[in-house]
Every structure is written in C-alpha cells, then in structure tokens.
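Peer 1: Spelled out from the first residue to the last, the chains are:
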Amino acid sequence: MPEPTITLKVTRYRPGQEKAPSDQLYSVPYHEDWVVLDALNYIKDKIDGSLSFRWSCHMGVCGSCGMMVNGVPKLTCAVFLRDYYPKTIRVEPLENFPIIRDLVIDMSDFMEKLRRIKPWIIRETEKPLAEGEYLQTPEEHETYLPFSMCINCMLCYSACPVYGLNPTFLGPAAIALAHRYNLDSRDEGQKMRQPVIASHEGIWECTFVGECSEVCPKLVDPAAAIQRSKVSTTQDWFKSMLLPWKTK
Amino acid sequence: MAPHPDKPQVYHPKMAPTWWLKNPRYFLFMMRELTSVFIAIFLVVFLIQIFKLSQGPEAYASFLEKLRSPGWIAFHVVALLFALYHSFTWFDLTSKVQIVQLGKRRMPPRLVTAASIGVWVILSLAVLLLFFLL
Amino acid sequence: MSERKTAEPLWWALFSAGGVVAAFLVPIHLFLHSLAAPLGWIPDRLISYDRMVALFGHPLVKVYLFFVIALPLYHWAHRFRFILFDLGLKGLRKPVAVLCYGGAILGTAGALWVLLQV
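Protein chains in written order, with our numbering: chain D, 725 to 972; chain F, 1390 to 1523; chain L, 35 to 152.
Misleading hints may appear alongside valid ones.
As the list claims (entries may be wrong) - Capping the alpha-carbon separation at 30 Å, the derived lysine-lysine pairs in DSBU-like fashion look like this:
1. LYS1455(F) with LYS942(D)
2. LYS1411(F) with LYS942(D)
3. LYS733(D) with LYS811(D)
4. LYS1403(F) with LYS128(L)
Simulated from the structure, these hints should not be mistaken for lab results.
Between the sequences and the hints, there should be enough to build the whole structure, so can you do that?
Peer 2: In structure tokens, the structure reads:
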C-alpha cells in the first residue's frame, strides 16, 4: 500500500535570484502525529535543503516558528497536518513583515519597538541587595500574569492590519508588555513608558480589530491591554487638563 | 541597485486597500466600523425631522410622508440592523476590556455582555413607555 | 510631555461616550421615529403634530435628545476617520481628521440650534 502523502504549498523567495516571492509545491509523507514544522523539516532534510525557515524548540516556547498556515498566523510546531489533510496546506512567511528569504522574515522592527517600551522592572531608586527582594502578594502577581506569557512570536503583528497598513504602529505585543510592567506592583516606570505608549504611534493607532488576541498562542489578549491603556491614559489626560497643578 | 553581499535584498510586501475582504473576521470588523455611518445618517435625518416640527404642521406631515417612501423605509431597515450590530459588538467588546469585580473574582465577560443586553432591553422599554405615556 | 499635546484622549473619550449612547439608545429611537412612525404603527393621536411639539419642546427631553444625537456623531467621526485610513488614505491624516471631527462639531452645533427652535 502506498504511503499517504500531503502537499505543502510553500512560499519561496531567493533574493538576488528573483524579484518577488513565488510558490513551490512539495509532497511529503502524511503522519497523523506530525505538525506542519515536521513536514517542513522533512522537506529540508529529504527533498530540498535550500528551503529556509526559523525554528528552535518544537514545543511552543521559543516563539520562532511562526508562519502563515492557510492564511492564519500560527506556530507551525502547534498545528497538526491532520487538521488539514487531505487538502493542500499553504505555508507563507508571517504577514506584515519584510521577507529576507523563503519563510524567514525580518524582525528587527519588532525588536526595536520592544526595546522602546522598556520591558523590565524600573525603580526610581534601587534598594541595596542586602535589603532583599521586592516582595509581591499572590493577588499583585495575578494582575499582570496573563500579560507576562508573551513569547515574542509576532503572530499578533502578523494578524494586525493596523500594523500592516502603518508599520510605525507600536503594535500589540509591545503594548501588552508595557502594560504588563505597568501593572507590576514592583515597577515604577510607567512615567517613562507613557510618552511611547500615549503617542500617535502607540495606543491611539489601534482600532480594536481584536485579531491579535485571537491568534495569540499564549492567550495574552493584547487587544484588552491596549484598550485598558487607552482608558487609563484618557483618565490621566483629563486629570492633567482639569487639575494641572496635581501633575508634574 | 546591485545587491550588496552583506545586505540581502529584502522583499517588502504591500497591503492592498481590499485587505478587509480577505477573511470573514476582517470583513466583520469593517462592518462593525461601518455601523457608525448608518447611525450618523439616521441621526441627521432624525434631526431634520425635529427641525420640521419647528416649521409647522404641514412641513412636519410632508416630511413624514417622505420617510414613508420605500427607499427611506428600506434604508432605515438596513440602518436598524447595523445599529443592532453596533449594540451587540459594543457590549461584546467592552465586556472583554472592562474588569467587573464580583467580590474577589472577575465577572466573566459573557455575563457582563448579558447584563449589558439586559440594561439595553430595560432602557429601550423605558423609552417606549415614556414616549407613549408622556 | 508629548502625551499632553495630543488631543487623541479627548476624541477617544467622545468616541466612547458616543459608542455607549449609540449602543443603548439608537436602535429604539431609530425604530420609533424612522420606522414605526412613518409606517403608521403608532396611533395617530400619539404622533400628532401638537403632541410631538409638546414632547420635543420639553426642556428635559431637549437635553436628552442633544446628548443622544450629538455624542454618536463623535463615534462616527472617530470610526470613519480610521475607515478612511484603512482604505489607504494614510497620506491625508490631517485633512481626514479635520473633516471627520469638524463634521461632528458642526453636527453638534446643528443639533443645539435645531433643539432651540422647537
């Protein structure tokens, strides 16, 4: 009996050789327990060693194997062939990003934005090591916990038409992470993040399409983080307008 | 430009203005945003209706006659559907954003949506009642 | 700071208030005044000219109608502005914003003027 196979339609882009991306079809053995990433690795190992893509952990932690699978941003290590079989699976590089080669996108814009929101705990004055840790109650921990699950896989950027239309938009993950640190009881850096968050490229660009939260593999809900930031920024704005002497 | 060995030619995909036709969720988003246009047109027509009141009984009656035309009725039926879609999506989205505390726990978003719909029913009945009784 | 210079929070607050008003109150008013009344589903004596003038001429009703009409115009302005951006008018950010919010402000003035006439 012939082994069952499944076809993958994969985007190829070879800079220097072609001006624009094109599609290539690969037929790979079908296994019920294979994920899309397994099929890509099979292609690379057995069929075409020139196919380029990123991956590392194969277990939904590293966030580097994000690609468009049938038009939806997915971690390819977390989508099974069986969910598409026997139809052809279309694999493309993450949308809204420049393509470096095949399925590899340029993430430097995201990395720069991530740095801009200062995703670390900021203290006005650091206390000496000898004084011990900054303590936190379980309730304080819980307020920001869901927003701290981000693995920087950029699926949310790929799902966000606002980012696609306007690449200066700070974007879902960066704002969600800023929100995560602003919510952290140990953090005192909100004032430093606010100029970036409350700028035109920040929260105000978001139209609440909501797709970022739909595609997030870690259920972070960046859309809610952005809307809550809008609410609190608006409250602060009215306070500073009505009671200017209360704010520095 | 000749490709630089250290700087490969990066391909920049462009987004078409028809991006919102690409999948049903983007399409529904666009319809949600479009509700605001139908609501605004209704409000302007409503405002003209009120204005006609100040112009005397004949002006008011002839305006109501205009609203009776099939075109306007059709428009307002569609506008009502869009207005209802706005109400539903608005309650749904705000419930996800708002954190409503129920004692120590967060009230589930679905329950918040249901509560909003309850308030919507009460307010609508109140408007009807006041309109008929006053 | 740059946060204070942008008027974005003001527009967003008006948009939100308008969205809430539109969600809770527009469907019933649309049904009542633009469908039920013209289609004759309401007894004539209830929508007679004199009764409507008395009703819409009441100061409290006027204040109520002002908010019901004016606030959702800002909901329109905000969303329509971003619809135009979404459809590719990115290069015209300023004119689009002026057109949209300007339209809403004009509508607010119009609502105020009409309600003072009744």
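Peer 1: Could you run down the list of hints and mark each one as holding or not?
Peer 2: Each hint, compared with the structure:
At roughly 55 Å between alpha-carbon atoms, LYS1455(F) and LYS942(D) are farther apart than 30 Å, so this suggested pair is violated. The straight-line distance between the Cα atoms of LYS1411(F) and LYS942(D) is roughly 25 Å, inside the 30 Å bound, and the hint therefore holds. Taken as a hint, the LYS733(D) and LYS811(D) pair is honoured in the structure, with Cα atoms around 11 Å apart against an allowance of 30 Å. Restraint check for LYS1403(F) and LYS128(L): the C-alpha separation of about 23 Å stays at or below 30 Å, so the hint holds.
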